[in-house]
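In order, the protein sequence lines correspond to chains Z and B.
Under the working numbering, the first residue of the first sequence is numbered 306, with each subsequent residue one higher.
Under the working numbering, the first residue of the second sequence is numbered 972, with each subsequent residue one higher.
Everything labelled a hint here was simulated from the structure, so no lab data went into it.
Hints should not be assumed to be uniformly reliable.
The list that follows gives simulated cross-link-like pairs (lysine to aspartate or glutamate, EDC-like), each with its CA atoms no further than 20 Å apart [claimed, not checked]:
#1 B:LYS1118 <-> Z:GLU489
#2 Z:LYS647 <-> Z:GLU357
#3 B:LYS1118 <-> Z:GLU336
#4 Z:LYS501 <-> Z:GLU489
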Amino acid sequence: MFRTEEMDINMGPQHPSTHGVLRLKLTLEGEVISDIRPVIGYLHRGVEKLCEHRTYPMIEPLTDRLDYVAAISENLGYCGAVEKLMGVQVPPRAQYIRVILAELQRVASHLLWLGTHALDLGAMTVFFYTFRERELILDLFEAFCGARLTYNSMRIGGLYEDVPAGWFDRVRHFIDIFPSREKEYEDLLTVNRIFKGRTVGVGILKPEDGIALGVSGPTLRASGVNYDVRVAQPYSSYEQFQFDVPLGANGDTYDRYLVRMEEMRQSCRIIRQALERMPQGEVRAKVPKYIKPPAGEVYHVVESPRGEQGFYIVQVAGEMPYRMRFRAPSFVNLQALPTMCKGQMIADVVAVIGSIDIVLGDCDR
Amino acid sequence: MSQELTRVLIESGVKIALFFVIVLTLIAYLTLAERRVSAWIQDRRGPNRVGPFGLLQPVADGIKFLFKEAITPLNAYRPVYLLAPALIFVPALVTFSVIPVGPPVRLFGYDIPLQIADVDNGVLIILAFASMGVYGVALAGWSSNNKYSLMGGIRSSSQMISYELAMGISLVGVLMATGSLRLNDIVQQQAQRGWNMFWQLPGFIIFLTAAFAETNRLPFDLPEAESELVAGYHTEYSGMRFSMFYMAEYANMITASALLATLYCGGYHVPGLARLGLSGNVAALLGAAAFGVKMGAFLFLYLWVRWTLPRFRYDQLMNLGWKVLLPASLLHLLWVSLIVLKGWV
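Produce the entire structure from the sequences given, and follow the hints as far as they go.
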């Protein structure tokens, strides 16, 4: 009459902490996870196929919709790929402004991650603090390009326009106040015993596993692998900036937290340097009105807040690509979830998903 | 019917009605306080549209809950599913009946204690009703026929049982010091030789922690753990039935705060009030006010903690309960017995 059995449980696609429409099929032994299978595709919109029927400038708004919490990184990666294909040299001022935008976006994206990660662990207040600062960044973006989520902020060959008057001062003001705000979050979490209890030693990703699974970004660096696209294959003049690549030691959830916190500080450092050394001049290279790149293939990667964001374009002829392919860091990083979660408890799954920082728009495309 | 019996019946009836209304109002405004305090902690405004300063918000919430459809899932076990909200709400309210909120007042020539029932075994009644609450949670989780609810129910039953142990043992310290289970005696005794909070500090801290766990509040809100179990044991409940669970949580908080104030902070005792030589009724009202302030302080602590700390994990919670709080409460008991034996206090 009495027996024990494993319980199958569906987490998602509608669940408060799967960060979008991710579905996890969990097999539980009490509270312990014996098997976990992520099911993706609920947000698949066929963006890659859509690109085959758009001219090159028309594709940029589509890239906004991939990783919608870090749209500028996508814009930057896509424009960079087309520019590489066409052999266009972007003016230095545009490159610097792009760096400022991308780093602000990294901070905004990490703030969203931090807020939701803390929320998943039950610390609700951090969410409101991070969104307060994220709001400041969104205001900056709004002042720059008029949009707050899907920016379409760049153009092939540079930027549509120079920044509005006084914008750099507003950015400087933000990076001046941000360190004290970041300390507020750290006061709530970094040394909190409950937070450490929930994250230290949870969801460990060994460096060799991370590399084998193709994991990238802060998730990989927390395992101690020093790989940052900004350093390994610099783009948009990142080689001219001084910054550290924070590394973790244990590859657990706590390390991923620490790495991202440090990345926000480093982003501010990069922005400060860019503001100090901002070149004068044009913000857009001379590109033809109708963009028709020469036939060929190109692969361009940028370091998005989530990891290595790649754009692969096959051009045969005309104004539209023959084939587009995005290397989505969320998609690749999600592969590591079963490795990290097996044998842990159900509450750890939530912590680990939060610490991988996936965006389903990016994952499903 | 003798005159005495009639008087007692009328007196108790009035007091029950009064306590009921006061506690329900407290619950309603505690929900508002929670939202305003959380807004204050989180650097935002909170509800301030309904009435002045949002004071009518609880009324609006109540109306909303009443008009919402109460859904019963197809595969729920209906009798238990319907019973569970009542099972959690009623004990939460009943517990308050034995708590003395002030010294007796003199009205119409009678001494009327500010307490519904001044029973000899008040502490036992409180413990008994506190452990009733777990049935509501466990049965709600089981009868909903939802895996998340079930896990919430199981979590909460093990959690509440584990923490009741530590809670009970730390309470024994108070009982040994007083030699009585009557809450009035406990208050009187504290008035004579100082609040228990000071010389039974470990017991106080253990009781406080266990009270957080008993009321399923953060950092121990695992039974409903929103981010893991959607809403835990009350996932399937809606409308007024859900609001019963919601109100029970606040009722439990109020009871726990009242208990903490009574057992460890001298209840309605105000240090130095006796020397002022105020007349009976004024002193009684001041005592009741002091009790309110003490209770309010604990309620604020509840809110403050909830909006600051993250949540424990299930195994960490159990470890804390069995491996830390239980031995600590036993040690504390040893310490208190030594003090009582030697007659140091």
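Verification of the hints:
no., hint, result
1, B:LYS1118 <-> Z:GLU489, "38 Å, violated"
2, Z:LYS647 <-> Z:GLU357, "40 Å, violated"
3, B:LYS1118 <-> Z:GLU336, "12 Å, holds"
4, Z:LYS501 <-> Z:GLU489, "17 Å, holds"
When held up to the earlier numbered hints, the structure conflicts with 1 and 2 and fits the remainder.
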